[in-house]
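Generate the whole structure from the sequences, applying the supplied hints.
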Amino acid sequence: MDLEPDEVEKIAHLARIAVAAGEIEALNTELSGILDLVERMGELDTSGITPMAHPLDMPQRLRPDVVTEENHREAYQAVAPAIGNGLYLVPRVIE
Amino acid sequence: MQWETVIGLEIHTQLTTKSKIFSGASTAFGAEPNTQACLVDLGFPGVLPVLNEAVVKKAILFGTAVEAEIARRAVFARKNYFYPDLPKGYQISQLELPIVGPGHVDITLENGDNKRIGVTRAHLEEDAGKSLHEDFHGMTGIDLNRAGTPLLEIVSEPDMSSAKEALAYAKKIHQIVVYLGICDGNMQEGSFRVDANVSVRPVGQKELGTRAELKNINSFRFLEKAINFEVERQIDILEAGGRVVQETRLYDAARDETRSMRSKEEANDYRYFPDPDLLPLIIEEDFIAETVQEMPELPAARRARFEEQYGLSAYDADVLTATREQADYYETVVAEAGDAKLSANWVMVELAGALNKAGLDLPQSPVSARRFSGLVKRIADNTISGKIAKQVFETMWESEDSADAIIEAKGLKQITDAGAIEAIVDEVISGNPAQVENFRNAAPDKQPKMLGFFVGQVMKKSQGKANPKQVNELLRKKLADA
Numbered sequence: 054m055d056l057e058p059d060e061v062e063k064i065a066h067l068a069r070i071a072v073a074a075g076e077i078e079a080l081n082t083e084l085s086g087i088l089d090l091v092e093r094m095g096e097l098d099t100s101g102i103t104p105m106a107h108p109l110d111m112p113q114r115l116r117p118d119v120v121t122e123e124n125h126r127e128a129y130q131a132v133a134p135a136i137g138n139g140l141y142l143v144p145r146v147i148e
Numbered sequence: 013m014q015w016e017t018v019i020g021l022e023i024h025t026q027l028t029t030k031s032k033i034f035s036g037a038s039t040a041f042g043a044e045p046n047t048q049a050c051l052v053d054l055g056f057p058g059v060l061p062v063l064n065e066a067v068v069k070k071a072i073l074f075g076t077a078v079e080a081e082i083a084r085r086a087v088f089a090r091k092n093y094f095y096p097d098l099p100k101g102y103q104i105s106q107l108e109l110p111i112v113g114p115g116h117v118d119i120t121l122e123n124g125d126n127k128r129i130g131v132t133r134a135h136l137e138e139d140a141g142k143s144l145h146e147d148f149h150g151m152t153g154i155d156l157n158r159a160g161t162p163l164l165e166i167v168s169e170p171d172m173s174s175a176k177e178a179l180a181y182a183k184k185i186h187q188i189v190v191y192l193g194i195c196d197g198n199m200q201e202g203s204f205r206v207d208a209n210v211s212v213r214p215v216g217q218k219e220l221g222t223r224a225e226l227k228n229i230n231s232f233r234f235l236e237k238a239i240n241f242e243v244e245r246q247i248d249i250l251e252a253g254g255r256v257v258q259e260t261r262l263y264d265a266a267r268d269e270t271r272s273m274r275s276k277e278e279a280n281d282y283r284y285f286p287d288p289d290l291l292p293l294i295i296e297e298d299f300i301a302e303t304v305q306e307m308p309e310l311p312a313a314r315r316a317r318f319e320e321q322y323g324l325s326a327y328d329a330d331v332l333t334a335t336r337e338q339a340d341y342y343e344t345v346v347a348e349a350g351d352a353k354l355s356a357n358w359v360m361v362e363l364a365g366a367l368n369k370a371g372l373d374l375p376q377s378p379v380s381a382r383r384f385s386g387l388v389k390r391i392a393d394n395t396i397s398g399k400i401a402k403q404v405f406e407t408m409w410e411s412e413d414s415a416d417a418i419i420e421a422k423g424l425k426q427i428t429d430a431g432a433i434e435a436i437v438d439e440v441i442s443g444n445p446a447q448v449e450n451f452r453n454a455a456p457d458k459q460p461k462m463l464g465f466f467v468g469q470v471m472k473k474s475q476g477k478a479n480p481k482q483v484n485e486l487l488r489k490k491l492a493d494a
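Protein sequence lines, in the order shown, are assigned to chains A and B.
The numbering of the first sequence is my numbering, which starts it at 54 and goes up by one.
The numbering of the second sequence is my numbering, which starts it at 13 and goes up by one.
The set of hints was computed from the structure by calculation and includes no laboratory data.
Just so it is clear, CB atoms sit at the ideal spot from N, CA and C, and this is done for glycine as well.
Any given hint might turn out to be false.
Going by beta-carbon spacing under 7 Å, a handful of chain B positions derived as facing chain A [stated by the list, open to error]: (1) T29; (2) L293; (3) A455.
Here's what the structure looks like:
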């Protein structure tokens, strides 16, 4: 299954990955290979099989509603590129 | 051309838990920025979300209240998009297998008819953080305290055909979640957020028109205004031969208009997939049964009980159960004061009037239910008259004092001593011979009205403290005795 070059660009944009124009063709081949594999799996007869949401056949464990975390802001913010007034600072986001 | 409006609402309700949906960080409102954001909320590598049991229970309560099917198996999915207040690059939500399936609520229309509005689904998800766009040297500040706060998103069918219906539905959902105690319902703080999908189509057309999604509506009043503005806008476009664009629009309360956000069509490609960090949620029959046992009394049941237990009219019961706070307030008062009808009147008329005048909601009332019940109790047991009670209430409003303390300090205790009242009555009768003469010569049907003069005189002399009922009886008797 072949993708169009603009579809590759769209996927790259959605993942916020900068892809140079020269890389698109090679990426197209790789992505198309993955889609081919998925397409081939689609040929299997899966009627009567319950779709799986997770490879582990176990239910989700629940946690009691209790506050267990303390404030470690200083430690957590030590790795942030920019902070101020207790906030993480990021390049301006315009709504 | 005749146009028809189609509205569906998406309501995000913040669930009242102590800790977050997938972490043990606190959800308390108003903390210092980022002091309640732990490694899970911050999206650090290597952490795993663990689902909060209380969140599941609250969703079950809501589902049961709207008579919906509760999923026996629900799955969490990742909704992928990039925004700085979403550290993981995805929001954990539910897509194909939400916890609450189709249900419904009934709203009452202006003409008194009921209309059933479908609830398509309600699903659990995590809230994002907050972006602060004030000046941080050209940067945006991010507070992630809210990240991971549990939300139940309630999606309606496009069953509403006017702003008024949308408002009635939103209020109904608000009433239900607040009654259930699963959401505090505070719209200003963002605990109850309403987005409206609005479209118009020519009357008789089957397929829906192109819709706009209205956001940033933080009060019921604005919901109605935003929808009305949007409907007009779309009709104007269509009548001028244009086309409505599918987009998200923000409501600007200051200008009373909706404005286009940058077109988000491309960004709407969320590429949902099941979250591999979370196993499917299996909900057992026993767990549902146990949860539903904790179900508080819902508005309709409470209304019926108020009529039955307290002998109130349907109207009074309806007004008193409009909010859980009001119903609780009333029940505290009636438990202490005893007289159900008197308590209802005082809560609905005097208290509501004073709150309205001060621009306050019941939870902010300066007079607590307990203190208020002390006042009603003294009217019920004839210690003070209703008229004096109004004075006492005014003083209570301005102070912390109990009704009894005010009555005592100001000497407002009603005179019920028959001898004392009789002395005043005699004084009034002997002091106004001309009026007494007129009264006795008047036609019997005119007399009740004329009695008012004497009652007024007695009340004046007693500084309003004589028991009005006793005064009336005594005056009638004495004036009749020629």
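Results of checking the hints against the structure:
{"no.": "1", "hint": "T29", "result": "holds (5 Å)"}
{"no.": "2", "hint": "L293", "result": "holds (5 Å)"}
{"no.": "3", "hint": "A455", "result": "violated (75 Å)"}
Checked against the numbered hints listed earlier, the structure breaks hint 3 alone; every other hint is satisfied.
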